[in-house]
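Taking the hints into account, I'd like the entire structure generated from these sequences.
Chains as they are written, first to last, in my numbering: chain A, 1 to 331; chain B, 332 to 662.
What the hints contain is simulated information worked out from the structure, not anything from laboratory work. You can take every hint at face value.
Residues on chain B that point at chain A, a partial pick, calculated with CB under 8 Å:
| no. | residue |
| --- | --- |
| 1 | 338 |
| 2 | 344 |
| 3 | 346 |
| 4 | 348 |
| 5 | 349 |
| 6 | 482 |
| 7 | 633 |
| 8 | 645 |
Beta carbons: idealized from backbone N, C-alpha and C, even for Gly.
Protein chains: 2
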Amino acid sequence: MSELRRDPISGRWVIISVERGKRPTDFVSPSQRKRGGFCPFCPGNEYTTPSEIIAFRQSETKPNTPGWTLRVMPNKFPALQISGDLKKTGVGMFDKMNGIGAHEVIVETPDHMLSLATMPGKAVEDALWAYYQRLSDLRKDRRIKYVLLFKNEGDAAGASLEHSHTQLIALPIVPKLVLEETDASKRYYDLKERCIFCDVINQELESRIRVVYENDCYVALAPFAPRAPFETWILPKKHEPVFSPPDSSFTLLADILQTVLKQIDRILDVPPYNFVIHTSPFADEINDYYHWHIEIVPKLTKIAGFEWGSGFYINPTPPEESAKFMREAKI
Amino acid sequence: MSELRRDPISGRWVIISVERGKRPTDFVSPSQRKRGGFCPFCPGNEYTTPSEIIAFRQSETKPNTPGWTLRVMPNKFPALQISGDLKKTGVGMFDKMNGIGAHEVIVETPDHMLSLATMPGKAVEDALWAYYQRLSDLRKDRRIKYVLLFKNEGDAAGASLEHSHTQLIALPIVPKLVLEETDASKRYYDLKERCIFCDVINQELESRIRVVYENDCYVALAPFAPRAPFETWILPKKHEPVFSPPDSSFTLLADILQTVLKQIDRILDVPPYNFVIHTSPFADEINDYYHWHIEIVPKLTKIAGFEWGSGFYINPTPPEESAKFMREAKI
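Shown next as structure tokens:
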């Protein structure tokens with residue numbers, strides 16, 4: 001089983017994933033992901049993946065057979081596992097726990113050639129519903145403190161399979177970057193009685209120079225201090241701490257997500273990218289200070305020694321410029 | 332001029348580097364670094380770089396001509412600039428300052444084919460002396476709060492030129508990851524009256540399972556919770572907050588740095604890597620709680636959405652294994 005370990009100095013947790021264990025020679029000639037070869041996510045190959053957890057499929061089709069439009073299953077090489085008790089132990093001055101959690105894959109379309117940018121809008125909506133269902137289900141597990149939904153699109157962004165999919169990792173602790181955000185927004189709320197994200201949104205909607213796209217419910221922004229060129233955030237305009245559908249509909253969220261991804265594809269010629277969903281930790285979901293959002297980062301530059309060693313990023317593209325390029329993209 | 336901007340939520344600073352400004356098309360077909368082509372760091376091509384700041388060279392040779400063994404000059408495309416007053420301003424709720432600082436390049440050898448692992452030990456010592464001299468000089472500038480020394484070796488680690496070199500960025504603020512380390516070690520010291528790094532070193536030297544190499548003054552460790560496979564730290568055994576030569580000699584530091592780099596090259600077939608030097612911030616250099624060190628990270632895995640979005644790392648190689656492979660490497 002994997003282990004979670006805490007660096008005693010930085011407080012950062014890492015997953016030592018022995019199931020995915022690698023010897024030095026495994027790194028020497030990094031195997032290329034197979035393109036055009038066998039795809040475990042294509043219909044007809046369901047037998048090669050772990051059993052599906054949920055699927056949206058035609059009535060009268062059986063689980064783990066074709067006939068689906070969306071499938072969710074455990075990752076075949078999970079970083080964390082759902083079965084067992086959570087055990088926290090000390091090793092001298094070090095802290096660790098066993099690798100309890102979940103690692104799932106959401107395949108958003110049976111069509112190998114489509115991406116979130118190119119699939120029908122309805123399929124993007126369904127993907128958002130699947131995210132929501134999995135969050136709602138995992139929330140019931142008291143061992144789980146946080147669920148991170150993220151997408152690696154393209155080899156350079158860390159995708160090991162080409163067929164479009166999103167991943168979910170359920171964790172027994174709240175990750176560092178989320179804690180930093182919740183702590184900072186709590187402090188801001190204590191000071192101002194306002195949500196810091198709401199304040200950012202209001203200021204951005206007034207100046208408009210970093211607004212990428214908006215619809216009735218959501219706004220897409222190039223943040224004031226982006227880590228990377230064309231980094232884009234999507235936020236609900238109305239205060240909402242938890243990833244959830246307003247008025248029981250994901251139509252407008254699917255619209256803005258797909259629009260932004262189309263803009264990025266158009267301007268940057270279908271680049272690799274990552275996105276993550278940041279939502280409130282389960283322990284404190286109903287609050288006035290935190291505001292859920294999606295962070296999208298095209299993978300255009302390399303994280304080098306300076307970024308790695310400082311947590312400081314050098315970004316060659318001002319967000320005012322990237323927002324303008326995206327606004328004016330013909331999609 | 333570049334700008335430093337602070338993200339209001341995470342508190343993270345970024346450098347928006349307009350001198351290196353990029354339009355979308357610059358990202359579409361990333362230009363390959365030229366190998367075997369013209370090298371501005373090779374002897375005879377000194378006229379193509381900014382004027383040298385210091386150099387170790389044969390007597391009677393002139394600055395910016397051949398005859399050197401080591402050269403330090405400003406980066407031709409600096410992320411920050413040394414001239415001007417530091418101006419801190421607010422933009423609504425956002426914070427920024429102008430890009431005051433320094434960005435320098437240390438070319439450790441005139442020989443295009445050598446690396447820190449393969450150059451003579453004396454050249455590694457000289458590189459360490461050059462780091463030390465630049466730190467000592469920049470410390471006098473009251474606008475500078477921190478100097479980060481780092482190396483990008485290989486294209487995948489972010490090096491834009493093949494000829495071996497180290498970079499230095501002098502900053503008007505202390506970077507986030509360094510602040511996290513100094514804050515945490517201060518808290519530990521308040522609690523225990525001991526340096527947390529000293530405690531880690533003592534525990535590791537006792538168990539020995541994560542010790543990679545040691546000599547009289549230094550120890551190389553695979554940290555308990557490494558972010559990446561084969562991450563290795565080098566620390567002075569005796570408490571020392573600031574990067575500096577014990578007994579006016581860098582011989583033993585050059586020995587351990589070169590040994591570790593040789594082990595990494597041997598085991599991982601000359602991989603790309605980054606290293607950074609973490610030393611105490613200038614404002615509080617003489618202290619009992621912080622312990623300077625070098626962090627070396629081979630670039631074997633990709634930083635994907637999960638890491639980006641969580642600050643949580645998945646590492647497929649336990650440090651006990653990587654330390655054993657490195658200890659047993661025939662170099």
